[in-house]
Amino acid sequence: MKWITVCQAQDQLQSSQPYLPSGGILTSRMPSDKSFRGMLFLSLTVVGIPGNITVIVAFLLMIHKESWLLAADAIVLHLACANLLVVLVRCLLEMLASFYIANVFGDVGCKAVIFIYRTSRALSIWLTFLLSAYQCLSIAPPGSSWASARALVAQHLPIVFLFLWVFHTGMSAGAILFSVSSRNDTSLTRSAINVEFCYVNFPSDILKEVYGAVQVSRDVVPMALMILTSLIILVLLYKHSQHLKGLRGAGQAGSGSCGAEQRAAKVVVVLVTMYVVLYGVDNGLWVYTLTVRHTMSSSLISDLRVFFASLYAALSPLVIIVSNRKVNSRLRCGTQEKPLPGKTARLRSI
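Quick note on numbering: our numbering labels position 180 of the sequence shown as 173, and the sequence is numbered without any gaps.
In short, the hints are calculated from the structure, not lab data.
Because the structure is a prediction, the values reported are computed rather than measured.
Do not rely on the hints blindly, as some may be mistaken.
Stated by the list, open to error - Listed next, the in silico DSS-like pairs over lysine-lysine satisfying Cα-Cα at most 27 angstroms (straight line):
no. : residue 1 : residue 2
1   : K319      : K259
2   : K232      : K58
3   : K27       : K104
4   : K232      : K259
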């Protein structure tokens, strides 16, 4: 009788604990895991939101002051907006849910968050490629066919932006079809993927693999093109430096617009390197997710994917702020244009 009582007590304890869809019991370690997860996304939120807003404000001040932007600056502004969306809809909301502050991840919330995240993430990738390609054209020898191509891209830049938005919005439509809340786990299939607060519930393994291959190709294509444009930029910069070494007094020739284009090209190479490393890890983890059989027991792989992808959106504005002289000068002017009235009168009288 005593043995039966102990067994019944164990059965009651196990039946009182919630189960994962894969059959595993949620343990007391889960709150600490969520807290650690929340701290990771909090760090991205604290860095990414102010950084991207700073870049956006700097360019808006530039537009207000000068009434126009160069094509490269317009691409960087658009890139900062896409990165800000990534941090807002993914890092901020994940952090709030992890700390039990606010949870928007119902069925509709999951569809909206994953759809906006995948669209803005893809825009961030392709805008980085567009920036690298435009800077590659900018440092090409003047008078060449590349110069006319650069002018053509600058002239049709709004159409390029519109095309990227429409194309990637359509490519991310699968998030609306397959995303469900983790609260609604009654109709999950074996092909579903656990992303902590949501599930991406694919009807079959074949559809999961096809959708995953399309998403990987959407990242790999610009990655390969970015690597190619970065190599071309490095080759052109090396040839230019060799040319300057062969000319006496040519150091002053590179201090004008040509020098500015070279500095911008170097910044683009840094951004592309960051992209290749971080999104390379992201896509490697995504391929691993597609190849393993069980993806429901843990959201660790999905969390790492989102972290590394969002890390680019959080760090890239810091690179832009540090290295972009226009952003630095505009931010300094913005802070210096509000002196105290007494000091203004005193300076004018002097």
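Results for each hint:
no., hint, in the structure
1, K319 - K259, "holds (15 angstroms)"
2, K232 - K58, "violated (36 angstroms)"
3, K27 - K104, "holds (22 angstroms)"
4, K232 - K259, "holds (14 angstroms)"
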